[in-house]
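In order, the protein sequences belong to chains A and B.
Going left to right, the first sequence walks through residues 0 to 184 as numbering that gives the first Met the number 0 numbers them.
Going left to right, the second sequence walks through residues 0 to 383 as numbering that gives the first Met the number 0 numbers them.
Please note that a few of the clues may not be correct.
Stated by the list, open to error - Derived lysine-lysine pairs resembling BS3-like cross-links, with alpha carbons at most 25 angstroms apart:
#1 A/Lys91 / B/Lys358
#2 A/Lys60 / B/Lys285
#3 A/Lys60 / B/Lys361
#4 B/Lys369 / A/Lys60
It should be emphasised that the hints constitute simulated quantities derived from the structure, not laboratory data.
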Amino acid sequence: MGFFLRELRIHGRGGQGSVTAAELIAVAAFQGGVYAQAFPAFGVERRGAPVQAFVRFSNEKIRLRSQVYEPDYIIVQDSTLIADINVFAGMKAGGIAIINTEKAGKYSAPEGVSIITIDATKIALEEIGLPITNTALMGAFAAATGEIEFSALENALKERFEGKLATTNIKASQRAYEMIKGGSA
Amino acid sequence: MKEILEGSHAVAEATRLCRPEVIAAYPITPQTHIVEALAQMVADCRLQSEYICVESEFSALSACLGASAAGSRTYSATTSQGLALMFEVCFNVAGMRLPIVMTIANRAMSAPLSIWNDQQDSIALRDSGWIQLYAEDNQEALDLHILAYRVCEDHDILLPAFVCFDGFILTHTYEPVDMPTQEEVDAYLPAFNPYQRLDAKDPISFGMYATPDYYLEFRYENQRAMLRAKDAISKYGALFGEQFGRDYSGLIEGYKLEDAEIALIAMGSICGTIKDAIDEMRADGKKVGLLKIRCYRPFPDEEIASALSHIKTVAVLDKNISLGSKGAVALEVKDALYGSSIDVYDYILGLGGRDIRKKDIKAIVDLAEKGSGDMFYGLREELL
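Throw the hints in and build the complete structure from the sequences for me.
Dropping the structure here:
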């Protein structure tokens, strides 16, 4: 396999767990045997303010330290961000955008970008009882991109959360994973 | 064993493996996760250490000073304004020849308030008598803590050290590191054997009053120890390589420098981005290389001059500015190359967390080729 470096940018609002999502996706990718790097766009995070977090995946040691400007993948935790921010900025053709929304809208994504919508808020409310969508979207990311295995994601969630929180987050993640795998999102 | 964790936690684990007997620190962004993790380790009995909660950074380093003088291996961590508040104590620690190791999670200085990264904080303490090591990634940050204790506690050295790693860019980044075992670190780093220590049964004094008849000689001895530290870092860096497989014998490190015509010089995490940019420029036929400065104090002047003897143009990337003069790294590179025909240009960049991309590195190489330098790079002209 030749050299690869792929990049994910997560858009969310403070409190939605975008940084945690980036970290756990990196942990899952590392378990799958690739080099991974996760970091936040270092802001003075406040609940509700737009935030970003990034993940890089490579088969070689990752040296690059700049933020992600030309992502292969994006995750949008809150579709209301799309009105204010060009979440698709710099996306590569062949890229995948995963958007949490009740109802798919018309998006001005660059040509060649696949859009996958999923009602992660509904899944989170039903499985976790809270509108914290990051774990459902991690499941959707695993299914849509194949960048991480679901079993590795499950392990990462078990390491991070305890007891009921682990169980419910894994369920939310798995439900989103299966929806995207089954094409029923 | 390879594992993936946050940079701050990698440094906290490295510190734990060094078995500090006393830790005193005051939390400040972006250093906080390090000292939180250490406090948790002490609470969980994963680390047998006295963790002293203090009310300020001045007290943190003062507590470390006393503990080190009493013969304990001692650790602290800070950044930016916190380091500024330690200013007086930093000089005292170095003058008393106490081998304290302190992590600096590099951050910009106020005002205006910025929590983001540059290297102004540790650079401002360059004259304080502390060894200064800069890490490119979290593996190096972890390793340099273990190396620093080994160097500092050598009886021919007895100096304190900053281990500097870029705030947020490294502290808050998850990436894989190879974490040594306790047995491996114990085999490399023997227990602290103080050269002299405070003992009520055999009283001595540290840092006492020196009249004009004595002070000059104290400073001279301090400088001699700092210069001896070059060899000690090389020796223990090589030993580190033998034991852990990662060689730190060089105070500097070259990347594609042997046949380069243009050399970039930098410290810290920006070196990773530079290496990626160099690979792309090389593919386009540009002979560019990197000289990474891992050890800024003592300054590797002879090493730099010898590594650059074949180079025509040097671009120094400074994440600091000595206001009214130049970037602090460029100043000393110019001194190291005095008398040579090498053109040295300085670029002040990345201050207060301004992101640096591969295209910026390429643009700087273009500027240096045109003979344009000694400037702030990346200014937003519309704000001026």
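Hint by hint, here is what the structure shows:
Simply put, lysine 91 of chain A and lysine 358 of chain B have alpha-carbon atoms about 17 angstroms apart, close enough for the 25 angstroms limit, and the pair holds. The suggested pairing of lysine 60 of chain A with lysine 285 of chain B holds, with an alpha-carbon distance near 23 angstroms, which does not exceed 25 angstroms. This hinted pair checks out: lysine 60 of chain A and lysine 361 of chain B have alpha carbons roughly 21 angstroms apart, not beyond 25 angstroms. For a cut-off of 25 angstroms, the pair hint linking lysine 369 of chain B to lysine 60 of chain A is broken: about 33 angstroms separates their Cα positions.
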